[in-house]
Amino acid sequence: MDTESTYSGYSHYSGHSKKAHRQGSRDRHKSPRSKDGSRSEKSVTIQTPPAEPLLGNDASRTEEGQDDNWGETTTAITGTSEHSISQEDIARISKDLEDSVGLDCKRYLGLTVAAVLGLLVFLTPIAFILLPQILWRDDLEPCGTVCEGLFISVAFKLLILLIGTWALFFRQPKADIPRVFVFRALLLVLIFLFVFSYWLFYGVRILDSKDTNYQGIVQYAVSLVDALLFIHYLAIVLLELRQLQPMFTVKVVRSTDGESRYYSLGHLSIQRAALVVLENYYRDFPVYNPALLTASKSRAAKHMAGLKVYNVDGPGNNASGQSRAMIAAAARRRDSSHNELYYEEADHERRVKKRRARLVVAVEEAFTHIKRLQTEEQQKAPGEMMDSREAAQAIFPSMARALQKYLRTTRQQQYHSMESILQHLSFCITNNMTPKAFLERYLSPGPTLQYDRDRWFSKQWTLVSEEAVTSGLQDGIVFVLKCLDFSLVANVKKIPFIKLSEEFIDPKSHKFVLRLQSETSV
Amino acid sequence: MSYVPGQPVTAVVQRIEIHKLRQGDNLILGFSIGGGIDQDPTQNPFSEDKTDKGIYVTRVTEGGPAEIAGLQIGDKIMQVNGWDMTMVTHDQARKRLTKRNEEVVRLLVTRQSLQKDCLEKVHVPNCGKHYFLLSLVKLTVVKF
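Sequence lines, in order, name chains C and G. Under our numbering, the first residue of the first sequence carries the number 1, and numbering increases by one thereafter. Under our numbering, the first residue of the second sequence carries the number 1, and numbering increases by one thereafter.
Source of the hints: derived by calculation from the structure; they are not laboratory data. Glycine included, C-beta positions come from ideal geometry on N, C-alpha and C. Any given hint could be a false lead.
[Said to hold, decoys possible] Between beta-carbon pairs, the in silico distance windows are:
1) LYS50/G with ASP506/C: 50 to 58 angstroms
2) LEU244/C with LYS50/G: 51 to 59 angstroms
3) VAL478/C with LYS50/G: 55 to 63 angstroms
4) ASN280/C with LYS50/G: 40 to 48 angstroms
5) ILE498/C with LYS50/G: 49 to 57 angstroms
6) VAL352/C with LYS50/G: 32 to 40 angstroms
7) LYS50/G with ARG333/C: 40 to 48 angstroms
8) LYS50/G with ASP257/C: 52 to 60 angstroms
9) LYS50/G with LYS508/C: 27 to 35 angstroms
10) LYS50/G with LEU500/C: 55 to 63 angstroms
11) SER260/C with LYS50/G: 50 to 58 angstroms
12) ASP506/C with GLN112/G: 51 to 59 angstroms
13) ASP335/C with LYS50/G: 23 to 31 angstroms
[Stated by the list, open to error] Partner residues aside, some chain C positions facing chain G, computed with beta carbon under 7 angstroms:
14) ILE505
15) ASP506
16) SER509
17) HIS510
18) VAL513
19) ARG515
20) SER521
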């Protein structure tokens with residue numbers, strides 16, 4: 001029904017999944033914003049019923065609060081919705097499904113291999129002990145208390161190994177990394193070789209020759225369990241402990257607006273360092289807002305726009321010479337764009353502050369209308385009682401306009417839908433928060449985690465690095481984490497070797513003398 | 001005028017005789033002193049060497065007995081009535097100068113202009129009978 005060429009206001013809002021939203025339709029994404037003003041006369045859809053997944057895709061929490069006019073039209077809630085989907089969307093969605101299934105396969109393959117190996121390893125000592133009993137029970141020498149003691153120790157060591165393995169390895173994998181995790185692979189290979197050699201020895205020396213010294217066999221099994229415990233210790237040291245001590249500091253800079261943070265890391269491979277950076281990115285960096293970036297580009301364009309290059313010396317297309325001449329002329333040209341920037345910024349500051357003041361006053365006033373009922377009072381006046389959602393809906397209209405204006409001025413309006421604001425308001429009312437606590441989410445842009453997933457602009461990351469991603473961090477390494485709209489540049493620096501020396505000061509040596517300069521007349 | 005501990009101090013001095021003026025119950029000399037071994041020598045504006053802890057004249061009242069006798073601001077007082085003033089505390093100096101039963105104090109003072117005039121020239125027609133060389137031997141007391 002919709003084709004790419006028509007940009008009616010509705011085509012952007014029709015029920016897209018969030019993945020279709022994100023990929024490919026960059027240009028469609030930008031154009032409706034320029035039509036902000038033109039939408040005020042339409043009646044707008046506010047909620048699409050979430051009960052219809054598109055093609056079985058699980059991503060259809062279609063949050064349609066993108067209309068910015070809920071400040072003026074809060075009393076009307078229409079239930080109409082439009083679902084339309086074009087050919088491109090279908091192709092895109094199916095490709096997404098394939099991609100996600102492919103990645104999961106790789107992840108699950110690794111997990112199953114490790115699980116099977118673990119199970120085998122766990123059952124091996126038990127097998128070593130049980131096989132002679134099953135196969136040649138009558139020939140075995142009896143061994144009394146020594147064997148029983150060994151059985152108990154094997155049982156407890158296996159239990160400890162089980163608990164330790166569960167604690168260390170049975171965790172939700174939180175990320176997909178591009179290359180194999182070197183230490184884990186190393187450990188798996190080590191365990192496999194180890195158990196294989198034990199089985200080999202067992203098979204040749206004990207099974208074939210039907211050894212009758214049962215105590216020796218049990219001790220052999222005990223030595224296997226001990227060695228497994230030591231491998232577990234090695235795993236802890238390699239996988240967990242080695243990277244705890246900070247050795248490097250990473251400076252991460254976002255390419256679009258220069259936001260930077262510093263993180264301390266230990267000895268990690270580049271891909272694991274990238275994981276750490278990304279985990280902290282979602283928490284520390286303010287959310288990426290493309291609406292804030294357009295100003296500087298337009299300024300630069302205006303600056304160069306007025307210059308033209310004429311070639312007076314005759315034919316001969318010296319392109320680089322021309323561009324250099326243009327740059328030099330632009331640099332020398334005395335223009336007042338810095339003036340414009342200064343006044344524009346001052347003006348914007350003032351406007352933001354004014355709107356902020358109005359917003360704070362409106363919210364404070366709105367909160368004074370609500371009072372929490374104590375339990376005794378609840379029985380007395382059952383008629384007017386509201387729960388927190390209704391209370392939020394009751395006081396929302398008085399602050400809606402001021403909030404909407406403020407969000408528009410700070411260009412945050414697409415991050416907060418009316419539904420999310422109502423939810424937050426009822427959350428704050430439930431938890432007895434003050435107006436200031438309610439507003440802290442809207443006054444300044446928060447970290448990416450705070451917002452809806454479809455507002456993130458950053459879910460699929462690519463690691464770009466000149467060194468191999470499994471090599472360890474060194475001083476001076478630079479790697480880049482790219483997503484579709486921006487990239488994070490990470491610069492690794494070594495923490496300097498600190499030479500600390502001591503100096504002892506006797507507390508009795510703190511002595512002072514009065515320095516005077518008096519003048520006496522005689 | 002700076003001294004090296006253990007070495008004799010040599011300076012060209014001028015003898016000044018001040019007759020105290022009676023003002024009510026007090027006998028005044030008409031100048032102010034600063035310095036002393038218990039004071040901070042780095043704040044002395046008149047000394048050439050900022051470790052010099054001697055007694056210096058910081059002010060001379062106009063028309064007073066000191067000015068009449070020829071005392072100038074910035075002079076370092078080496079002796080008062082035979083008592084040494086190069087190694088005294090501020091209070092001891094004040095006491096030596098303001099003894100109630102003395103009406104005349106005879107000071108030996110030195111200043112940089114004296115040193116320059118007299119010591120550079122071996123024959124000293126300018127160094128009249130008022131100036132003579134003062135040589136002091138410092139007895140260093142070693143404390144344990």
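Consistency of the hints with the structure:
1. A hinted range of 50 to 58 angstroms for the beta carbons of LYS50/G and ASP506/C is inconsistent with their spacing of about 30 angstroms.
2. The given range of 51 to 59 angstroms is respected by LEU244/C and LYS50/G, whose C-beta atoms sit roughly 57 angstroms from each other.
3. Range check, VAL478/C to LYS50/G: Cβ separation about 57 angstroms, and the 55 to 63 angstroms hint holds.
4. Checked against the given bound of 40 to 48 angstroms, the beta carbons of ASN280/C and LYS50/G, roughly 58 angstroms apart, lie outside it.
5. Our hint of 49 to 57 angstroms for ILE498/C and LYS50/G is violated, since their Cβ atoms are close to 40 angstroms apart.
6. Between VAL352/C and LYS50/G the CB atoms are about 59 angstroms apart, so this pair departs from the stated range of 32 to 40 angstroms.
7. Here the CB-CB span from LYS50/G to ARG333/C is close to 60 angstroms, at odds with the stated 40 to 48 angstroms.
8. About 58 angstroms separates the C-beta atoms of LYS50/G and ASP257/C, a value consistent with the hinted range of 52 to 60 angstroms.
9. Checked against the given bound of 27 to 35 angstroms, the beta carbons of LYS50/G and LYS508/C, roughly 30 angstroms apart, stay inside it.
10. Range check, LYS50/G to LEU500/C: Cβ separation about 38 angstroms, and the 55 to 63 angstroms hint is violated.
11. Checked against the hint of 50 to 58 angstroms, the C-beta distance between SER260/C and LYS50/G comes to roughly 51 angstroms, which is consistent with it.
12. Between ASP506/C and GLN112/G the C-beta distance comes to about 43 angstroms, which lies outside the given range of 51 to 59 angstroms.
13. For the pair ASP335/C and LYS50/G, the beta carbons lie near 59 angstroms from each other, so the given range of 23 to 31 angstroms is not met.
14. With its C-beta approaching chain G no nearer than about 25 angstroms, ILE505/C sits outside the 7 angstroms limit, and its interface hint is violated.
15. At a threshold of 7 angstroms, the smallest CB-CB gap from ASP506/C to chain G is about 21 angstroms, leaving the interface hint violated.
16. For SER509/C, the shortest C-beta to C-beta distance to chain G is roughly 20 angstroms, which exceeds 7 angstroms, and the interface hint is violated.
17. Against a cut-off of 7 angstroms between C-beta atoms, the interface hint on HIS510/C is violated, since the closest Cβ of chain G lies about 20 angstroms away.
18. Residue-level restraint check for VAL513/C is violated (minimum Cβ-Cβ distance to chain G is 9 angstroms; threshold 7 angstroms).
19. The criterion of a C-beta within 7 angstroms of any C-beta in chain G is met by ARG515/C, whose closest approach is roughly 4 angstroms, and the hint holds.
20. Hint on SER521/C holds. Least Cβ distance to chain G is approximately 4 angstroms, under the 7 angstroms limit.
Of the numbered hints listed earlier, those contradicted by the structure are 1, 4, 5, 6, 7, 10, 12, 13, 14, 15, 16, 17 and 18.
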